[in-house]
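Colleague: The primary structure of each chain is shown beneath.
Number of protein chains: 2
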Amino acid sequence: MKIQPADKRELLKAAMGKIPCDLAVTNVRYVNVFTGEVYPATVFVHQGFVVHVEDQDPAKELSLAKQVIDGENHFLIPGFIDAHIHIESSMMTPRNFARAVIPRGTTTVVTDPHEITNVFGEEAVHYMHDAGLDLPMRQFIDIPSCVPAVPGLENAGAVIDAAAVDRLAKLPNVIGLAEVMDFIGVVEGDDRMVDIIEAAEKNGLYIQGHMPGVENRRMFSAYLIGGPICCHETRDTWEAVAKLRTGIHVDARESSITKNIADIMAGVRDHTFHDHLCFCTDDRESDDILYVGHMDEVVRQAVKNGMDGINAVKCATLNTAREIHMDNLGAVAPGYTADMLLVDNLSDFNVKSVFYMGQLVAKDGKLVADIQDKPAEIESRYSMNVPNLTLEDFRLKAPEGCGDKVKVNVLTYYSEELAITRAVTEEIPVKNGFVDISSDPGLCYAMIINRYGTGGRAFDLVRNFGLMKGADGSTVSHDCHNLCIVFKDAESGYAVYKALVECGGGMACADGNEITGLLRLQVGGLMSTLRPEQMAEQSDAMKKALNALGLPQKNPLLRIATMALPVIPEAKFSDLGLVDVMAKKLIPIFPQ
Amino acid sequence: MKIQPADKRELLKAAMGKIPCDLAVTNVRYVNVFTGEVYPATVFVHQGFVVHVEDQDPAKELSLAKQVIDGENHFLIPGFIDAHIHIESSMMTPRNFARAVIPRGTTTVVTDPHEITNVFGEEAVHYMHDAGLDLPMRQFIDIPSCVPAVPGLENAGAVIDAAAVDRLAKLPNVIGLAEVMDFIGVVEGDDRMVDIIEAAEKNGLYIQGHMPGVENRRMFSAYLIGGPICCHETRDTWEAVAKLRTGIHVDARESSITKNIADIMAGVRDHTFHDHLCFCTDDRESDDILYVGHMDEVVRQAVKNGMDGINAVKCATLNTAREIHMDNLGAVAPGYTADMLLVDNLSDFNVKSVFYMGQLVAKDGKLVADIQDKPAEIESRYSMNVPNLTLEDFRLKAPEGCGDKVKVNVLTYYSEELAITRAVTEEIPVKNGFVDISSDPGLCYAMIINRYGTGGRAFDLVRNFGLMKGADGSTVSHDCHNLCIVFKDAESGYAVYKALVECGGGMACADGNEITGLLRLQVGGLMSTLRPEQMAEQSDAMKKALNALGLPQKNPLLRIATMALPVIPEAKFSDLGLVDVMAKKLIPIFPQ
Chain A
-3 MKIQPADKRE LLKAAMGKIP CDLAVTNVRY VNVFTGEVYP ATVFVHQGFV VHVEDQDPAK
57 ELSLAKQVID GENHFLIPGF IDAHIHIESS MMTPRNFARA VIPRGTTTVV TDPHEITNVF
117 GEEAVHYMHD AGLDLPMRQF IDIPSCVPAV PGLENAGAVI DAAAVDRLAK LPNVIGLAEV
177 MDFIGVVEGD DRMVDIIEAA EKNGLYIQGH MPGVENRRMF SAYLIGGPIC CHETRDTWEA
237 VAKLRTGIHV DARESSITKN IADIMAGVRD HTFHDHLCFC TDDRESDDIL YVGHMDEVVR
297 QAVKNGMDGI NAVKCATLNT AREIHMDNLG AVAPGYTADM LLVDNLSDFN VKSVFYMGQL
357 VAKDGKLVAD IQDKPAEIES RYSMNVPNLT LEDFRLKAPE GCGDKVKVNV LTYYSEELAI
417 TRAVTEEIPV KNGFVDISSD PGLCYAMIIN RYGTGGRAFD LVRNFGLMKG ADGSTVSHDC
477 HNLCIVFKDA ESGYAVYKAL VECGGGMACA DGNEITGLLR LQVGGLMSTL RPEQMAEQSD
537 AMKKALNALG LPQKNPLLRI ATMALPVIPE AKFSDLGLVD VMAKKLIPIF PQ
Chain B
-3 MKIQPADKRE LLKAAMGKIP CDLAVTNVRY VNVFTGEVYP ATVFVHQGFV VHVEDQDPAK
57 ELSLAKQVID GENHFLIPGF IDAHIHIESS MMTPRNFARA VIPRGTTTVV TDPHEITNVF
117 GEEAVHYMHD AGLDLPMRQF IDIPSCVPAV PGLENAGAVI DAAAVDRLAK LPNVIGLAEV
177 MDFIGVVEGD DRMVDIIEAA EKNGLYIQGH MPGVENRRMF SAYLIGGPIC CHETRDTWEA
237 VAKLRTGIHV DARESSITKN IADIMAGVRD HTFHDHLCFC TDDRESDDIL YVGHMDEVVR
297 QAVKNGMDGI NAVKCATLNT AREIHMDNLG AVAPGYTADM LLVDNLSDFN VKSVFYMGQL
357 VAKDGKLVAD IQDKPAEIES RYSMNVPNLT LEDFRLKAPE GCGDKVKVNV LTYYSEELAI
417 TRAVTEEIPV KNGFVDISSD PGLCYAMIIN RYGTGGRAFD LVRNFGLMKG ADGSTVSHDC
477 HNLCIVFKDA ESGYAVYKAL VECGGGMACA DGNEITGLLR LQVGGLMSTL RPEQMAEQSD
537 AMKKALNALG LPQKNPLLRI ATMALPVIPE AKFSDLGLVD VMAKKLIPIF PQ
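Chains as they are written, first to last, in our numbering: chain A, -3 to 588; chain B, -3 to 588.
Extracted from the complex, chain A is given alone in its bound form (with noise of 0.2 Å):
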């Protein structure tokens, strides 16, 4: 697929000289992406592409552009493109995204609007879409192939099957099918993926995979021939290699909790060819991409890590292009899209000057495109179709007649860094006929509620959370997004659950029936409006809250986020109750 010129013809005179073009930079360090090589060069740019580069005397022809920046011997470089990310972690609009990324080089983005496409379905995949466009970046849309993550083990808000992978394909910038989750499904060719995925392929879609923890490397050639063609669930040195090896192109990941490149670059670096290397960030915060950067962040830690420069900088562009299929995209050559960054040097990659499509849209790690806020309806539609809740709902009643102590599957932390959880069956003291955790600080109480209108709730016990006091609720709760509350005490449960109810979703934390910190994520539970800097002031304001309640994480935001995450081993929690993510099966809060 290309990125089509206005007018073809236009561009050809430029490039022939016939006609002065838009825009040359000159007095540059051109790094070539497809030899490798760097040389001074001047880049002429006409109608938003790359009309010619002259390399042989370079301050030629200057008189033939129309306006002539100069880029003061930086290193040219093609605009990053992030392979898989989900704008919602930013927790920012598709908009307000562009605002904090574009300054940090980002160009092109291929988001997986999977998070709010499970609360509004369809139309949340074209809300994304259509909030995506003019603006001075370019974001492709990857369609959600799994949602929900795992068909009756919990409930979403929305059911994405074959027939709307068909209809969404036709949205201009739809490019693939996203991270299919489900490779079991895919390996074993189950009707649903292999039915989701033809769709997609009849379409011309590419296939993203995602496929964590697997060991067995007849899995890795299964995928691939299933139809998925990369992977950013990569997370050991060893799996780096076996995938690239495999053939599937590996999309090494640094996302604001999981930082990947070290130990992938340390099994890949000393590779002759590292074409199916790609670059991606995933989920990454405000505050993370305003203080510590996007994608440039992860070609620095790249190079940090043994990568050269150069080759760094085609992992995070050509490659990427490739793999998405884009054919003009990744590259600053003639037919190429002007997408570029002046770079001061190819290890630091401070981010001097950013254009897009021929426009400079960032300097000196400021925007200075203009992008208007575009309101959607869905920006302001209330998502909280929850049941309504007393006090009384937050108290674990015990089975009859099990006197004072009972045995509970308690989902369980192995440690409080870690995101994985297993199901631990333990006696649990039980009082006045409900199950009492008081004397026990490792344990809490934690509540699904289905935000869906389904009405459906779980409730169970959790230990190694890190919760010390009060209760952490949210509605970002991966992948279905319900209402999910983990408190030590009713009243603390029951605040969060009133508060988050009241303003829309978001992220709330409460001491008894004091709010200590509360979010509003309004668009969709997930989402705010608010600019990146004040999303990234309140954000930080939130995670002190929730620190102050005992959660010693770094990012607690995300610690009550992936706790009802059923494609992460090995058990965890939704809607419908205990899941062993393994067995793909529902287990029952007291055991017999």
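Keep in mind that the hints are not guaranteed to be accurate.
Note: identical chains are not told apart, hence a pair may lie in one copy or across any two.
As the list claims (entries may be wrong) - Below, in silico cross-link-like pairs of lysine to aspartate or glutamate (EDC-like), each with a Cα-Cα straight-line distance of 20 Å or less:
1. Lys4 - Glu184
2. Lys9 - Glu194
3. Lys(-2) - Asp323
4. Lys(-2) - Glu197
5. Lys166 - Glu197
It should be emphasised that the hints constitute simulated quantities derived from the structure, not laboratory data.
Predicted model, so just to flag it, every value in this text is computed and none were measured.
Keeping the supplied structure of chain A fixed, place chain B upon it in accordance with the hints.
Modeller: Relative to the frame of chain A, chain B by itself:
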């Protein structure tokens, strides 16, 4: 695009080891074109596709295969892909061509049936397409883009326009638009080329380029913008570097006459990345294929000229698959077609075994697959629709009243080896009203006779052709393939004319009335139905016959075949007269 398996679910089962697979090739040094590594492995194949490559414990699970082949510690590499070839240049039909190249390790070619299409039009594309089906190799078709090459300056047997491209694009094995020779038309945005390219792109075809002898780098840029992505007309070192820098895929060519690998390698072997470097043979004759090689020879030459063997393999396989937009060709990996070779080492590339779609099709240089003939009506269709000429017509009449000398624009070869020609005005003796070359050993008469029923005919003189006596005639005469005869005396010229009209086309030479060589090419005057060995033998005999008439070239067959090629600078010859290639106009034979 992908080659689709018959039943993906069966492949998945075989990949997972749930059912036995058809074949395992074990005990090999597996060359991984994704990473550049070489390691011991076993390749598992099912229903024509690779389902798994076991690199951890290659001897494991061999019992899961119905057949196990011992690779004898040879290197296992993907089958070679020829990025650009005209099968007609082998003078063999597609099926005989297959018999010749498969033992050399070529499992895929991208063929441009440009020659036969100039004779029979769209029907010829269908013929070549269908003849290439059900073979133990893959013959992709690129639709000829320039039939005729230079409209208005020559008459071919057909015209391929945008509507024809649109129709032909529907044939299953059509993947591209073939070498867009009218590069001036492309860079100037001429309607004809723009329409044809748009028709191709609309049908998802890639655009193959052809841009010889251009020094203006802005033209490289404009050409890439215009649509073509690659070029096999790269002769000089600087040109290879410049095209690769621009982003053009360089299909480095090693044809029977034009050897470009050495010059290209001199410029590019030290590049860090070679993603856009591919290999092709363009035109390769039967004896060359049989006794020297096909793609194996190209790869050998690349290594001889300083390229690493693994990299050369990648250029001849994966890089080309990408260029032609085929997503599961060019590597031995799960989901990819099981096209693979066993070679003894990575410098000589002696091909020990050839597998196509998982079948052993050649071993130790011998075809073991069964190739059935597939006779088609077109193969015996008479194509010599020429005017009825007499001996008198082979005498060149001087203009009325010119006296004993006349100025003639002589088509002049730069040397007896080079194919480049220009028009040079000379004063030539006139005897009895006829132009007389008898006293000048460097001159010959040259006639081109339209063979598509227009009755057109042009008559001129040619210098430095190399013929010392008799006549040389051919219906292989790029690109229109009109009947072309070069002769020292009318009798010889007429004898050749009669012989070729009688046999239905081909090549002939005569000394006076005696036919001293005849190569019958009854398939459109371009191809024989002979088997490769017989073809090579007859072709060799014809070469010897031409050498006996004075032609000094190592391959004298091609001398006449390129005399009328009006896309090669500076002046050429057509059925309409003498052509100024750069100015795109006719020049009078007798200047005023």
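Colleague: Which of the numbered hints are not met once you compare them with the structure shown?
Modeller: Violated: none.
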